[in-house]
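So you can see what is in the structure, the chains are spelled out below.
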Amino acid sequence: MKLINHIKQHRARLDLTQQDLAERVGVRRQTILALEKGKYVPSTLLAFQIAEVLGMKVDELFEMIPEKERT
Amino acid sequence: MNTVVRRLPSADWIALGIGFIGLAVGRFFPPVMGLLALAVFGPPLLREAGLLKDADEFTQKVVYRASFHTLLVMALLLFLDRIFSPWVGVPESLTLTTAFQGFSLEFLRRIMVMVFLLSYLIQYWGPAHGVSRILLGFAVLTGLEMVNYTSYWNAEIPAVYKLVPVGLTVAIFVLAWSARRFPRTTGLILLVFLALHAVASYSMMESDLVVEGYIQWSLLALYLQTSMVLAITGISLVRSGNIYD
Chain V
1 MKLINHIKQH
11 RARLDLTQQD
21 LAERVGVRRQ
31 TILALEKGKY
41 VPSTLLAFQI
51 AEVLGMKVDE
61 LFEMIPEKER
71 T
Chain X
1 MNTVVRRLPS
11 ADWIALGIGF
21 IGLAVGRFFP
31 PVMGLLALAV
41 FGPPLLREAG
51 LLKDADEFTQ
61 KVVYRASFHT
71 LLVMALLLFL
81 DRIFSPWVGV
91 PESLTLTTAF
101 QGFSLEFLRR
111 IMVMVFLLSY
121 LIQYWGPAHG
131 VSRILLGFAV
141 LTGLEMVNYT
151 SYWNAEIPAV
161 YKLVPVGLTV
171 AIFVLAWSAR
181 RFPRTTGLIL
191 LVFLALHAVA
201 SYSMMESDLV
211 VEGYIQWSLL
221 ALYLQTSMVL
231 AITGISLVRS
241 GNIYD
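Sequence lines, in order, name chains V and X. Numbering-wise, our numbering puts 51 at position 51 of the first sequence, and it's gapless, one number per residue. Numbering-wise, our numbering puts 218 at position 218 of the second sequence, and it's gapless, one number per residue.
Okay, chain V solo, but in the shape it has when bound:
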């Protein structure tokens, strides 16, 4: 199973740049970049913080998919 996220889509929906989201959540832009590219799995706390800023629930923002499934 593989963890994917929909941060980029929902960030764009709210017309936020990566820098905007990073500052609201309290991390660096590079962290948001790494998250959106799937290079980094956030801590539970950070996942909740991002979800709150984007007005989502955590399980709407992150989901597990089978390893071979393409998004």
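FYI, nobody ran anything at the bench for these hints, they're computed from the structure. A couple of the hints might just be wrong.
Stated by the list, open to error - Incomplete in silico selection of chain X near chain V, CB under 7 Å:
id : residue
1  : D56
2  : E57
3  : Y64
What the hints assert, rightly or not - Capping the alpha-carbon separation at 20 Å, the derived lysine to aspartate or glutamate pairs in EDC-like fashion look like this:
id : chain 1 : residue 1 : chain 2 : residue 2
4  : X       : K61       : V       : E60
5  : X       : K53       : V       : E36
6  : V       : K39       : X       : D56
7  : V       : K37       : X       : E57
For every residue, glycine included, the Cβ atom is placed at its ideal position computed from N, Cα and C.
With chain V held as given, fit chain X onto it using these hints.
For chain X alone, kept in the frame of chain V given last:
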């Protein structure tokens, strides 16, 4: 929508400014160079002591992993030195772990800094962007070194030989560009360069590594640093594939 809050410059930017001051003024007044140590070690020490709470979990993870990689490489070097030096007949006085060999500490420092920087930059920016920036840095350094190498330019040698450093600098710039667009291909090229470097350096190392009974640590460090840069950047790019980050 909430107003975006603009923050004060981070501790790292302040440290960078202090570091530059240390480097610039330290040339004329050496004790000021100590500001460089403050810049490098200040923020991490404050963070670990809990006095600086600007922790970004991704950056922290990158720092910890880079530190672990550095520990692994240094431990491996020291272990290999202890195990193999007596076996291949290196006198006790010439091994890394001999206290009086002050130059070996400089060797260890150079390798340690190189491993940490490579690991940190590649993790932080991802393989393609990280390697591209590393190569760009080397291209700039090579170019600056070339400009300063006046004795080479003034030497009475065929002009074509004088073009070799120019070609090298241009090649590194090209590799820095291609690392983002063709990561795997660039990685393979870097590994080929690693092989060529190993072959080219072997004969030189044989004759120049030990001079008058002393290991030329700076030469050994240069050889290892170049090999490590080529190996780590090459392998990172090959593993990342041709879908650049």
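Each hint tested on the structure:
1. A least Cβ separation of about 5 Å between X/D56 and chain V falls short of the 7 Å threshold, and the interface hint therefore holds.
2. Interface hint status for X/E57: upheld, as the beta-carbon distance to the closest one in chain V is roughly 6 Å, under 7 Å.
3. With its C-beta approaching chain V no nearer than about 13 Å, X/Y64 sits outside the 7 Å limit, and its interface hint is violated.
4. For a cut-off of 20 Å, the pair hint linking X/K61 to V/E60 is broken: about 26 Å separates their Cα positions.
5. Simply put, X/K53 and V/E36 have alpha-carbon atoms about 25 Å apart, too far for the 20 Å limit, and the pair is violated.
6. As the CA atoms of V/K39 and X/D56 are separated by approximately 15 Å, the hinted pair is consistent with the 20 Å bound.
7. Between V/K37 and X/E57, the direct Cα distance comes to roughly 16 Å. Compliance with the 20 Å bound is thereby established for this hinted pair.
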